[in-house]
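Undergrad: For reference, the chains in residue letters:
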Amino acid sequence: MENQELIPHLFRTEYRKITAVLGKTFGLEHIEIAQDIASDTFLLASEMWAMKGAPDNPVAWLYTVARNKTLDYLRRDKLFKEKISGQMVRNSEMDDEITIDLSTQNITDSQLQMMFAICHPSLPVESQIGLALNVLCGFGINEIAGAFLTNKETINKRLYRAREKLRTEKVKMEFPAETEIESRLDAVLKTLYLLFNEGFYSAGKDVTLRKDVCIEAMWLTKMLTENPGTNRPPANALLALMCFHASRFEARTNPQGETVLYQDQDDTLWDSALISRGEYYLNRASCGRELSRYHLEAAIGYWHTIKADTAEKWEHILQYYNQLLVLEYSPIAALNRTYALAKARSKPEAIREAEKLNLADNHLYHSLLGELYLGIDDGKALNYFKSALSLARSRADRQLLTEKIQRIGDHNG
Amino acid sequence: MKDFMFVFRNDPAVMAGMSPDTLQTSMQKWMDWIGGIAAQGKLVDRGSRLANEGNVVRPAKIVTDGPYIETKESIGGFIMVRTESLDEATEIAKGCPILSAGGNVEVRPIIRM
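As they're listed, the protein sequences go chains A and B.
Numbering-wise (our numbering), the first sequence opens with residue 1 and increments by one.
Numbering-wise (our numbering), the second sequence opens with residue 1001 and increments by one.
What you were told as hints is all true, and nothing was included just to trick you.
Derived DSBU-like pairs (lysine-lysine); straight-line CA-CA distance at most 35 Å:
1. A/Lys152 x A/Lys78
2. B/Lys1002 x A/Lys356
3. B/Lys1094 x A/Lys386
4. A/Lys313 x A/Lys343
5. B/Lys1029 x A/Lys380
6. B/Lys1002 x A/Lys190
7. B/Lys1002 x B/Lys1094
8. A/Lys190 x A/Lys172
9. B/Lys1094 x B/Lys1029
10. A/Lys222 x A/Lys170
11. A/Lys190 x A/Lys157
12. A/Lys386 x A/Lys356
13. A/Lys222 x A/Lys307
14. A/Lys165 x A/Lys152
15. A/Lys343 x B/Lys1094
16. B/Lys1094 x A/Lys380
17. B/Lys1029 x A/Lys347
18. A/Lys211 x A/Lys165
19. A/Lys356 x A/Lys307
20. A/Lys343 x A/Lys222
21. A/Lys313 x A/Lys356
22. B/Lys1072 x A/Lys356
23. B/Lys1029 x A/Lys313
24. A/Lys211 x A/Lys52
25. B/Lys1094 x A/Lys313
26. A/Lys78 x A/Lys165
27. A/Lys152 x A/Lys69
28. A/Lys307 x B/Lys1029
29. A/Lys190 x A/Lys222
30. A/Lys347 x B/Lys1002
31. B/Lys1061 x B/Lys1072
32. A/Lys356 x B/Lys1029
33. A/Lys172 x A/Lys222
34. B/Lys1002 x A/Lys343
35. A/Lys343 x B/Lys1029
36. A/Lys347 x B/Lys1094
37. B/Lys1094 x A/Lys356
38. B/Lys1029 x A/Lys190
39. A/Lys170 x A/Lys190
Keep in mind the hints are simulated off the structure, nothing from the lab.
Okay, chain A solo, but in the shape it has when bound (with noise of 0.2 Å):
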């Protein structure tokens, strides 16, 4: 691999250890300090790298690198190592100088541990979704503010929020108690998949950006499967539905950088290893009795790789977003039903449903309504169209809505 791909590449995966590390050794508090060091870590890299190519063993490299840099750091700031030095008395009884654990065991640890305590909740799930981006995905204040559509003193204020509560709430790196485990990792779960959406859903129109952080989201989720603590059915229901929807990023954006609606997306460009994926998985988390909504959504996942357009598997949908929405409400479930509910049963049923589900501030909602009435009455399809389009905000969404509009236009003039 070449500098400019293999920097990026280990940034990814490596940035989040030695933060993780560092954050464990430092404390939460001094978060910023760790973060610091894992950076300059990297860019020291870029710079040595280009100058005299990689070494032999990259990753022992930035390790070596991170360790020197954090003992350097402590020598420079007397007052920072005792201030610190009453967190570890576990290091300091045995040895003057502060050990750097990057061990395999520590580094996995620290992950989950920052894991659980960026997703405390008394943190706002926004903040907790920035700091994820930010402290285990390494991503930028730049970056962030791309993905959240927002600026980035928004970003900046929101972090800087955050690390304060984390302060003030003194908010530990460490296991939650097997009692309270079930609860911290639902909040965890929750953030992941919000991560995940947002990398997903958002109306960002940079596909690179948007694919890392669901990328991202994976790799958190994966790293709660592979540790016997955290390794839940809910956990795996969740990587499932990620796999699933993740198989159709290629497909759901052309070459044009334009959205690619589900029923008119070539299945060849399904990512069929990914499916494979998300069905182990899907398996996995099937033991147990617990039906969280990741089980329910990762079914409806599944289904929808199946491009067969049979009545069966829309029925199969409709009944998992039945159980879905009975469980949790929300706009887009209860919009996806009613679609479901014209697939399985028929468009005048579906229309009697979505007439009462009091969404109308909502574009998606009137485009609803609007393919509902195509082909049953075009004039009022058409009204509907409009009424999303004047709604919509995103540019994919209107362009979309405009060539419905187009082509009813087309069709009946």
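Starting from the structure of chain A, add chain B where the hints point.
TA: Frame of chain A, contents of chain B only:
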């Protein structure tokens, strides 16, 4: 918004006499109906189904078997919905599949203590 409990009553013999296929279709209709309420964001509690057997404790602590086998109106389950009015809740109840199987739905406002 107000909360209402839907109490479902039916003749237990009706369900017991259903073929597996009919039972499957019936379950599907139930899920469609409840899914439809949930899709409007009006389902507060999906409730539970109740088994036919049970005991009734009467004054002087006399315990009798549930007399449900003979009754045509055994309570089979409940859910809770949230609507603007009793009328709206009643309108929703009119879609309940139990009505076409000889049962009924009692719609009762919940008084929070």
